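Dock chain B against chain A, hints included.
There are 2 protein chains.
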Amino acid sequence: MTKSKDRLIYLPLGGAGEIGMNTYVFGYGPEGKERLIVVDLGVSFPDMDSSPGVDLIMADISWLEANQSRVEAIFITHAHEDHVGGLGHLWPKIKAPVYARAFTAAIATLKMEEQGQPLDVIHVVKPRPEVVEAGPFRVQFVPVSHSIPESSALVIDTPAGRIVHTADFKLDGTPIVGEPFDPAEWHRIAHEGDGVKVLTCDSTNVFSPAPGRSEATLADPIAKLIAGREGMFVATTFASNVARLKTLAEAGRAAGRSVCLLGRAMKRMLTAAVETGVLKDFPPILEAEEAVEVPRGNLMLIVTGSQGERRAASAQLSRGKYLGLEMKERDTFLFSSKTIPGNERDVIRIMNAFSEMGVDVVDDHGGLYHVSGHANRPDLEAVHELLRPKILIPMHGEHRHLREHCKLGIAKGIAAELAVNGTMVDLTGDEPDIVEFIDTGRVYLDGTVLIGALDGVVRDRIRMALNGHVLVTVILDEDDQPLGEAWVETMGLTGVTRRGAPLTDAIEADLNEFLEGAPDKVLADDDKMDEAIRKIVRQVTLEEVGKKPEVTVVTSRLVAD
Amino acid sequence: MTKSKDRLIYLPLGGAGEIGMNTYVFGYGPEGKERLIVVDLGVSFPDMDSSPGVDLIMADISWLEANQSRVEAIFITHAHEDHVGGLGHLWPKIKAPVYARAFTAAIATLKMEEQGQPLDVIHVVKPRPEVVEAGPFRVQFVPVSHSIPESSALVIDTPAGRIVHTADFKLDGTPIVGEPFDPAEWHRIAHEGDGVKVLTCDSTNVFSPAPGRSEATLADPIAKLIAGREGMFVATTFASNVARLKTLAEAGRAAGRSVCLLGRAMKRMLTAAVETGVLKDFPPILEAEEAVEVPRGNLMLIVTGSQGERRAASAQLSRGKYLGLEMKERDTFLFSSKTIPGNERDVIRIMNAFSEMGVDVVDDHGGLYHVSGHANRPDLEAVHELLRPKILIPMHGEHRHLREHCKLGIAKGIAAELAVNGTMVDLTGDEPDIVEFIDTGRVYLDGTVLIGALDGVVRDRIRMALNGHVLVTVILDEDDQPLGEAWVETMGLTGVTRRGAPLTDAIEADLNEFLEGAPDKVLADDDKMDEAIRKIVRQVTLEEVGKKPEVTVVTSRLVAD
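Chains A and B supply the protein sequences, listed in that same order.
If you use the numbering used here, the first sequence corresponds to residues 314 to 874, in order.
If you use the numbering used here, the second sequence corresponds to residues 314 to 874, in order.
Do not take every clue at face value.
When chains are identical, the list treats them as one kind, so a pair holds in a single copy or across two.
Subject to a maximum C-alpha distance of 30 Å in a straight line, what follows is the list of computed DSSO-like cross-link-like pairs (lysine-lysine) [what the hints assert, rightly or not]:
(1) K720 x K651
(2) K537 x K725
(3) K346 x K703
(4) K634 x K651
(5) K641 x K725
Just so you know, the hints here were simulated from the structure itself, not pulled from any lab data.
Bear in mind the structure is a predicted one, so any value in this text is a computation, not a measurement.
For reference, chain A alone in the conformation it holds in the complex:
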């Protein structure tokens, strides 16, 4: 029974207020001493606008790190990057056992391996009724349909009541690979004991008004599309969408085509799916070097790069020959995928490159060749209805998704709370209660180092990209007098002014004039020199080319031997 002093808390550190880097915390126990479990450690992907040069984005889990001793376990719901991608990088800060189902554990193991982390901390769990005991929590994995095998909701039983954390899901009775949505099982979950106290629920598709469609609806349209084409047929989808890979490969096979997979990520997923027994009866696949020998009309490629990623197979093919294979006139390229907002330009670039090759590009414009992996609005309402939770906490969504999902719950009489990253919610009572705001944010994997998003490093990169960079070297002698003239180098700035003269000459002229006339107390003071030089550089550059560049000043002072 709930002791009066114990409380049940929920704290999203990533994924609530954004789509990506899912990182959720649940706690139970005396205030400030709750025992904790972590659900998912995902990543987000950088973009040139806000995070140039960055490799991966993760939640800032400083709070978890500071409370490491309180963490009982990490649960990974499924193997998408935005749920498992941070594991190898962040696990060393938590060092708790990791629980996942077999396929997810296989991918999680790869993540740990890549970062040189121990593998024996990963435990494979079977679906409910198997239970993981983690401190005050009893956790069960419930198979749900999604766009990757073995995605799971979690049933989290606590002394304060039952939580259902949906993770990413859709209601699919015929998901091709993996378990179908099972309303009877959800009904049981809703009616065991005191029922569901809290539902933390996927919000991605809350703005999609029609019920979601099943993976199985794609087989016919895709088969028809392939059957009507003469040249090579190439399809791309998310590497992890193993069901889609199967649908595509079978359609190709049925049309008399040999199938070849291109892209490391896709092969890795397929291998994991086969090895963990998730995938059976996948059509035989060719290696690229075998595929080269097959007549084009009898060949189908399934390739990575549905989002236009520059190094993926689709982009490689759009630039020319890749592993001996090449797109040609009358070939077909199918995007069996949706374009994630922000990736449009990259995808369109590839479409146009294929168009230049005479390749017919087909996408999901007409709604025939892709289905979403997330529950749409009516599906969410159906789940509210099925589970009848006392409290609804929307997660996995931007602010607008969470807000809309809250409205949906409230309209049904469910106490809903909008909790973005860092919001600690007390779930002990009948209504959710926001009790604290934790400092959160993002950390960047940049090369091999984790840096804070607000460290200024990336801000400086953006500034250099927008404004260019001017470097000034000044040498002063033992008496703080200029030795020779100022030397200026520029990067990311035009070399020539409006008047046709070299920009560096113009800047150096003004700097030398300044150096000649500068008072000794300025020359003797690094900060004053820096400030004065910076100001002159920006002023001249603005006048000459209309830009206000970043400036780095190196003042070298010679010292007497």
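Then chain B, alone, in the frame of chain A:
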């Protein structure tokens, strides 16, 4: 009559193979001596991925500049930025008279004024039957419906036959502002003389399968939407969509709301529309300082920034108070617009900021609150049918649009040619004939200077943004021996290595070791020093933080007095 040696040519310099920076050239006369006219001088907009820091993108018109004496005239079809935005910057390279209808001329005049160019070169032309004689060309402006007032197709009569250049258009019988689509007039154009030889035609919406909808269909849904809302109602659309401004303002007015316009571009467009007589009966509008006094439920704002532009009114409102006005819970924000691919992230950022304020955001998801200004696929087919050209040259589109539009024409038995920027097409005969490829490309307005897209300036910016920048200063004495140690500064790189030591220390240590042991012939040679230092910096940085930075080396050599 056509002299056997004369030919009719078409040469797109911008807009064919992309959506943006429309710049088309037509020529007639002996090969290599054709007299030329230019249709439109538009811009494209930069993005952080490919053109960080750039202000505007224009076609590289070096070819026109080299043939300046052959240019008879510049025609501007309408006042959208991608058709007129380059005028002020590029006109000095051409210096030909400019022809446009009144509203377009008003905007063109502003463009010239901003760049200090002469205004008296702009000539206001009335629609057909008025004719502009420009060398061998007789040009008429034909009113078409689009999303800006007075958009015009051009009927270009030449000794080799009639060209119809549609510019941007849709088939709208009830466009709210400006002339409706007039099939009778197009029928006349098709049947005068020998009919239409060449159709150069907008391709933007060739993938939109349903017929386009009229501007007039928006009034009711927008009026209903406004009527049902209690707080302040704010709508955004393209500043230049004067018809939409009118629809929005009238709907607001009908709902008992006072209307206030925010955003310079919008006011400028409205002023031009009123002054040129294009717009009549616009509801009275308030200034921001008056709007502050109006109860929220009686106020409607129409604001700039439908694409999420960071400095526009919508973005300002999403960040807080703007000109004394502020969004609050229960207000509504309507995007009466579509998001141009590539702008999704910026638009979504604003939507979420409003969501955080408790504002209900409505967009065109359901297809109720926006119509496109371009002809859809069936509309294009209708125009092919109406005009029955011998030759179709699709323009105003990416490669995939041009290709699809060609297919459409060919299916109807029209000789269609896919001609991207730089492709000179001979239109003299019955079939289009590609005769030459002209060097084209893009120039960037960067600050106040025009730079070539391939000059390396922007490439360097992108590299700094992705990799960071390391600066090394080394001082050598009169004998080419190191004076003191190497000095390293970094920008856009983490200050601390994986091992927790300062990155600059690590780099300096390796550089100093190199300097100590470097042979005299390396120390004496700037290029060798540069290469060696660069290599060491990149190697150390890669080892310590996993990045390969850009490196600038300044080797200062002291000379004996």
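Hints, one by one, checked against the model:
| no. | hint | result |
| --- | --- | --- |
| 1 | K720 x K651 | both (27 Å within a copy, 26 Å between copies) |
| 2 | K537 x K725 | between (42 Å within a copy, 26 Å between copies) |
| 3 | K346 x K703 | within (25 Å within a copy, 81 Å between copies) |
| 4 | K634 x K651 | within (25 Å within a copy, 36 Å between copies) |
| 5 | K641 x K725 | between (55 Å within a copy, 25 Å between copies) |
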